[in-house]
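Enquirer: Sequence:
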Amino acid sequence: MVKEGILPWSVLRATQFHTLMEVFLRAFARLPRIAAVPFEWQFQPVDTRDVAARLVQITTGEPAGMLPDFGGPEIRTFKSLAESWLKALKLDKRLINLSLPLRFSRQFADGKLLCPDHKNGTITFEQYLVRRYGRYGR
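Quick note on numbering: this note's numbering labels position 47 of the sequence shown as 47, and the sequence is numbered without any gaps.
No lab work stands behind these hints: they were computed from the structure.
One or more hints might be untrue.
As the list claims (entries may be wrong) - Derived BS3-like pairs (lysine-lysine); straight-line CA-CA distance at most 27 angstroms:
id : residue 1 : residue 2
1  : 93        : 79
2  : 112       : 90
3  : 79        : 90
4  : 119       : 79
5  : 93        : 119
Since the model is a prediction, treat every value here as computed from it, not as a measurement.
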């Protein structure tokens, strides 16, 4: 619809925000004493501040159409993100693999939502966690 309009436009697609990773992690860690996550899922989380800075650049420039994807600085498995998150929050939960034999699950595991050639973000998930929860967690 945007492409077909008469107004000039720019579109920036970004990978998953750190805050979305936390939403996912909280959902997968609801059970007492365990956090069950699909270990093989891959993410390239990006900080909202990095994306916001890029959006400011875009909006102050000329419309550019479809822009290159904007990804976080590192590609991580969901297992490694969960380990970091549990540590930051000082949650004593056993991490177990959750196998989800669904099409969308396979897409996460196969890296279909990554943009490895566009690691534009500068703030890692660990840096986000430190800023949010402090160096040693809550």
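Enquirer: Check each numbered hint against the structure and report the violated ones by number, ascending.
Expert: 2 and 5
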